[in-house]
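Asker: Below, each chain spelled out in residue letters.
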Amino acid sequence: MKQVPYRNRISKILGTSVLAFLLFSTFLHAQDDAAAQETGTATAETAEASGGDVAKGKSLFNQNCAACHSLNRKMTGPALANVESRLAADEGLDREWLYTWIKNSPGMIKAGDAYAVKIYAEYNQAAMTAFPTLSNTDIDDILAYTAAPPPVPVAATATAATDAAGGGGVSGISNEIILGALALVFMLLVMMLILVNRTLRRIAEANGVLLEKDKAEKGLPIWKAFAKNQFLVLVTAIFLLLASGYFAYGWMMQLGIDQGYAPIQPIHYSHKIHAGDNQIECKYCHSSARVSKHSGIPSLNVCMNCHKSIYEYTGNAEGPSPEDLANGYTNEFYTGEIKKLYQAVGWDEENQKYTGDTQPVEWVRIHNLPDFAYFNHSQHVTVAGIECQTCHGPVEEMEIMYQYAPLTMGWCVNCHRETNVDVAGNEYYAKIHEELSKKYGVDQLTAAQMGGLECGKCHY
Amino acid sequence: MASNKKYWKSEAELNPNDSIVETLRQNEFVEEIPVDEFLGNKDTLSATSTNRRDFLKYVGFSTAAASLAACEGPVKKSIPYVVQPERIVPGVANYYATTIANGFDFASILVKTREGRPIKIENNTDAKVGGSANARVQASVLSLYDSTRLQGPLLNGEAVEWDALDNAVQGRLNLLKGSGKQIALLTQTYASPSTSRLIAEFKEAYGNVNHVTYDAISEDAALNAFEAKYNERALADYHLEKAEVIVSFSADFLADWQGGGYDKGYAKGRVPHEGKMSRHIQFESNMSLTGANADKRVPLTPTQQKIALAKLYGKLNNSNVSGDLPENVEMALESAAAEIRKAGNKAVVLTGLDDENAQTAVLAINELLGSLAMDVEAPRYTRAGDTKAVNQLIADMKAGRVGALIMDGVNPAYTLPNAADFAEGIGKVDLSVAFTFNTNETSELAQFAAASSHYLESWGDAQIKKGHYSLTQPTIKELVDTRQFQSALLKWMGNDKTYYDYIQETWNTFVLNGADWNQALHDGVFSAAVAEESEVLAQTADADDAGEGTEATIAPIASAINSLANASSGGMELVLYSKVGMGDGQQASNPWLQEFPDPITRVSWDNYVTVSKADAATLNLVNENVANGGLDGSYVKLTVNGVSVDKVPVIIQPGQAPGTVGLSFGYGKKVGMKQEMQTGVNAFALYQNFSNIQSVSLEQSSGMHEFACVQLHKTLMGRGDIIKETTLEIFNTKDAHDWNKVPEVSLNHQEVPATSVDLWDSFDRSIGHHFNMSIDLNACTGCGACVIACHAENNVPVVGKEEVRRSRDMHWLRIDRYYSSEDTFESDNAKKDAFDGLSGDKGSLGGFGQLEDPALNPQVAFQPVMCQHCNHAPCETVCPVAATSHGRQGQNQMAYNRCVGTRYCANNCPYKVRRFNWFLYSDNDEFDYNMNNNLGKMVINPDVNVRSRGVMEKCSMCIQKTQKTILDAKREGRTIKDGEFQTACSSACGTGAIVFGDVNDHESEVAHLKENDRMYHLLESVGTRPNVFYHVKVRNTDEA
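Protein chains in written order, with our numbering: chain A, 1 to 460; chain B, 1 to 1040.
FYI, nobody ran anything at the bench for these hints, they're computed from the structure.
Please note: incorrect hints may appear among the correct ones.
Claimed, not checked - Computed footprint of chain A on chain B; a stretch qualifies when at least three of its residues, placed anywhere within it, have a C-beta under 8 Å from a C-beta of chain A:
| id | segment |
| --- | --- |
| 1 | 344-356 |
| 2 | 896-903 |
Stated by the list, open to error - If you want a taste of the chain B side facing chain A, the calculated C-beta under 10 Å gives, among others:
| id | residue |
| --- | --- |
| 3 | I79 |
| 4 | V82 |
| 5 | Q84 |
| 6 | L368 |
| 7 | S527 |
| 8 | A528 |
| 9 | D943 |
Unchecked claim - Taking lysine-lysine and the DSSO-like style, the derived pairs with C-alpha atoms no more than 27 Å apart in a straight line are:
| id | chain 1 | residue 1 | chain 2 | residue 2 |
| --- | --- | --- | --- | --- |
| 10 | B | K76 | A | K293 |
| 11 | A | K439 | B | K842 |
| 12 | B | K964 | A | K439 |
| 13 | B | K491 | B | K428 |
| 14 | A | K340 | B | K242 |
| 15 | A | K293 | B | K977 |
| 16 | A | K339 | B | K76 |
| 17 | B | K477 | A | K293 |
| 18 | B | K613 | B | K741 |
| 19 | A | K283 | B | K76 |
| 20 | A | K439 | B | K1010 |
| 21 | A | K431 | B | K964 |
| 22 | A | K438 | B | K977 |
| 23 | A | K283 | B | K842 |
| 24 | A | K431 | B | K977 |
| 25 | A | K293 | A | K283 |
| 26 | A | K110 | A | K353 |
| 27 | B | K1010 | A | K431 |
| 28 | B | K264 | B | K242 |
| 29 | A | K293 | B | K964 |
| 30 | B | K388 | B | K398 |
| 31 | B | K268 | B | K741 |
| 32 | A | K339 | B | K77 |
| 33 | B | K937 | A | K293 |
| 34 | A | K293 | B | K77 |
| 35 | B | K842 | B | K831 |
| 36 | B | K801 | A | K272 |
| 37 | B | K477 | B | K937 |
| 38 | B | K342 | B | K388 |
| 39 | B | K112 | A | K293 |
| 40 | B | K1010 | A | K272 |
Backbone N, C-alpha and C define an ideal beta-carbon position, used for all residues, glycine too.
My request is simple: use the sequences and hints to build the entire structure.
Answerer: Here it is, written out as structure tokens:
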């Protein structure tokens, strides 16, 4: 038997590498789990160390105080971290003073308490809401919360981020590994087949066996045979023409249709965070959609309704996802975008007031309906009660807003053909619906039957 | 077999030895190709680094780059408010009540604003007085966005800051305080309680202040006559709805006579109601809008009118007044007098003669009749100009007795007949300030041109009629660095108050009498009980007390009648008038008004002298239509008292009294105007002694003038089914089939009513809304407010004089004017029906030729025509791309983006209402009107498409408005009330001639009007079943 070189060696190398790869990936898993456990312990420890009913205090704080106060930052009212000890040290005021103040601050100001008056004057004479419903225990809890060592946001985020990256990675990598391994196995099989084939061929050559292929006649090349068959040529030509016509038509029909258009905006505004994570109703910001043809881009003062208090992004409960991190959507990034808003609206964070120096935001318009097409949001939103998502897609999942629907006339018309008009409880429709449904012999009228396909309804 | 024939191009080729032939054979181009200059020069060619291959590369690259760049869609930016104003919702219009009081036009109006931009003027239906906007007021919103506006104050033509102007003025005023020189305020008529009070305070502060009110077109005679009789400088008001007989001597009360605004009351009396309508007799020289609407119109010269007026007084007073009048006039006068006597206190006599005696006579006649229509208790304050004071001021200026001249709302250097005197005088004034909107003749002469705010940017108030107050509020912040006169006055007086506070104070103290200021501001109008004497005017009016007792009035009237009866003239008389489109020329730079065709002559972009046919023949003046369809006219030179105006184009005007010619004010402005807007000649040069009647001589000038006239055919040619009319007598006594006949067509050789035959199957239109429009030819005065309203609402482009001349005007709504060829339309019809055969006495060949020619004093009819929205529309069937189609609500819809511009539809339209966009009229360097600059574009209605080149456009029946009404109702979940559906024209129509609504709402006004006997469709025989219908015009020919 002739020596077949390298055969064993190659399979050996491959086998070893597969084994090594699998081993290594298991090791990775082990490390991840360890890291996750560690973080969990650390969080638990922080909670215990603070003492008092911090948890209850936190929820009370968020319910009652957070609109105007932050722990570490001046807002409408002063920063409240360690407020009790600060007051005791600086002003010599005790917890009793705080009870009175919280329960009836206007009263104290009226009564002329020195520090009360001072703080009232310092904060633009905006009196703090009185909270007579809070019991002393509640206040104790809140104070315990404010006295707890402030969380180190950056560290926490970093840990959370690492945690999430590891956790999220497990499933992703394992899938890839399985697929990769399969691919490798497949390639190995192919290689083996080729090697076996070659070896056999060599053996055959060595044995002087004549192969079939060499015996075969030198026939006509296939393209010449094809060219000779005129019928086939004709059929192919027709097929090619039709196919190219089909594709050309398809290509031309998408001209000017910007479905999926997702331009980069001057401020990275995430609909996902606002409408998705925080469940803000679309029409809270796009209020003119209810009454006007335009949905309206909210003016910046609308943003400031919330962002006066929300000055930083602290992430959702689960922390940023790996995709977010991969895109650079860290908490700092979002906080930076909020600062852009402040700059545009001219909000001085330090002093909590407007400077009057504004820079209107030049958003890039995503949905560009041509001038000759008339569309009215209020007709669809208020009268028809259509969900915004019907045309705008899953906005609550869009990190970057994009054009969901094609916005072509065919798309409009199809919907008008298929959608029944919501006539319930609308006196306007009462008569026309009764008469028209009788005429068409239907229970429910579509928008098209109401006249929603007439040219002049949208083009004038 | 090959032919041996030799073809030759020139004889020379036959000679084989000809050198020329050889040379030419070698040269493809006989001329030297200039390329050789470059390519032939070896040095330049070698010096260049670009070789042929490089060149091709560049060409290739740039082509590819250009096409690639073109592939990318444009990025559109959306910029929201930083802080959104509470009341503004993008996409939703806001309306504000305000008042225009520019010295010529006074009206209470609503302003439609979109995103803070005023875009349209609407009538304020809450206003009892002056609540309807005429064409000029409708167009005034465009003047706000005039690109030639003064951007800020100027000192001798150089831009300065307001501070500099304030300092200069204050310094000078303080110097003049107590000095002998006067401080003169030369202003328009304000009729404003607050401004009167402010000027009174200004007088008090500086002592030697002389306030002169100046109206460009003076009503001095009427004011003087009224003042002499009633001790108040004002104008009598007339309630024409209470009049059964209206006799007018040259009073163009449907246009601008004494401030205008009489059309509403007039139209009320003109619609036959329970068999009655008012009778209107007009004695006049020019064919005016009012004369065109009269039941009986008598053309005569101003001199004859004076005599006639005196004689009428005599007849009514049973006294004998002598004077020579032509027999027909004498007869007309006699029957008029008889009718007046019959109507008693329900008759009224009006006059527009610029003659104090005539005005006195009219007041006396109405007093004599006890006319219910005349209201002297609560007169109008729309004119207050005092020509004597103006002349005195100019004399003072020339004598150097004026230290400071402050002007507002006037342009004396353009409007004064003696502008040269004024120019001389202003040079001798130490300080001259002209508050002006644009640079104009006066601001060029004045040291300071103070940029004044538009009324839509200003605060103000007005008392149009005694006891009827209205407020002006800004609807937009000042677009440029301007200030209103009153604010400046406050500032110069050292008063820190804003003019807003000042008005509020005035109103709370003198006007409101405890009523709510905010409510008054919201309504725009406030009517005080008339009985209460308005203190503010009593306190501040400039009028001196005349102090004449009642016994004394007898003497003036006698002398007045005497001098009227003895009126005489030498030669041709010129009657100056104002056009409804241009008025006194304040808005001459407004392209909508320039393109607005005059209701009578249908000429746009011009003024002209109107000459009677007889005089034209004598003077050898012609009007002719040239090959391209344009109207050309001769030029004349007009000379009044040594002052001449040359190159005045001539229009031969049917109905013009022989011996008179007419010329309109407001044109011929040059300074501060775009080239395109510098149209016509300045008639103010001939306005000597502020009298609109002048003795004139005419002389033909060389050349022919090219008019932009939108209607070249003048008569109806006896086609009585276009404008159906009848007389009150027939209307009252006969059946509707007799006077409102349905045209008949032949079906199977039998005459059947046209309405019974149809080429098409009808659709069921009984469900949902079905819009119809009703146009009452009795109520329509032809004023044209609807034309401008349509312009504003539908973004109709202005195309310019050249294009209008080529019949490419874009008006979606036109008002056709027809003259009768015989004395009446009725006899036209009779003449046409009597045609028998082609030639001969009654032949149609010559007969139609005669019918083309309007009569010397024709009957006139106006007919607004817009798209008739035919239910069986001929245009829809011929459109190859189905761009025009029919909606269920009755509208004939036009999808511009689908239109490819074949113009088949326009050819197939029997009403000729479709307009073709020959050019892109916006963003086009060839056109310089409002759509071609950023400021002018602000007036564009965002709800209506701006059409592009190559598409057909037409009236949409304001589908954007009907759709909005429907949507509002849907949103509020309610049914729609009658009157909610409006179009731009129907809401602009002050006389109620145009009514729009849903005929499927059987209670609606339009549904009732459709059932009316007078209802007919235009060209019913064509079978188009239009959704626009007309009401037969009824003329009151009942002679007493």
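Asker: Would you mind confirming whether the straight-line C-alpha gap from K340 (chain A) to K242 (chain B) stays at or under 27 Å?
Answerer: violated (69 Å)
Asker: Is K801 (chain B) close enough to K272 (chain A), meaning Cα to Cα at most 27 Å?
Answerer: violated (57 Å)
Asker: Under the criterion of a CB-CB separation shorter than 10 Å, is V82 (chain B) in contact with chain A as hinted?
Answerer: With Cβ-Cβ at 4 Å, under 10 Å, it holds.
Asker: Given D943 (chain B) was flagged as interface, is its beta-carbon under 10 Å from a beta-carbon of chain A?
Answerer: Where the cut-off is 10 Å and the nearest Cβ of chain A is about 7 Å from D943 (chain B), the hint holds.
Asker: Below or equal to 27 Å on CA atoms is what counts here, so check K431 (chain A) against K964 (chain B).
Answerer: Within the cut-off at roughly 19 Å; holds.
Asker: Does K439 (chain A) pair with K842 (chain B) here, judged by a C-alpha cut-off of 27 Å?
Answerer: violated (57 Å)
Asker: Hint check: K1010 (chain B) vs K431 (chain A), CA-CA at most 27 Å. Holds or violated?
Answerer: holds (22 Å)
Asker: Does K342 (chain B) pair with K388 (chain B) here, judged by a C-alpha cut-off of 27 Å?
Answerer: violated (40 Å)
Asker: For the pair supplied as a hint, K439 (chain A) and K1010 (chain B), confirm whether the alpha-carbon distance does not exceed 27 Å.
Answerer: With Cα atoms ~26 Å apart, K439 (chain A) and K1010 (chain B) stay inside 27 Å; holds.
Asker: Against chain A, run the beta carbon of I79 (chain B) and see if the smallest gap drops under 10 Å.
Answerer: holds (5 Å)
Asker: Within the segment 344-356 of chain B, is the number of residues with a Cβ closer than 8 Å to a Cβ of chain A three or more?
Answerer: As far as the segment 344-356 of chain B goes, the hint is violated, because 0 residues have Cβ atoms under 8 Å from chain A.
Asker: Are the Cα positions of K268 (chain B) and K741 (chain B) separated by 27 Å at most?
Answerer: Status holds; Cα separation ~26 Å.
Violated hints for the displayed structure, listed by number in ascending order: 1, 6, 7, 8, 11, 14, 18, 23, 36, 38 and 40.
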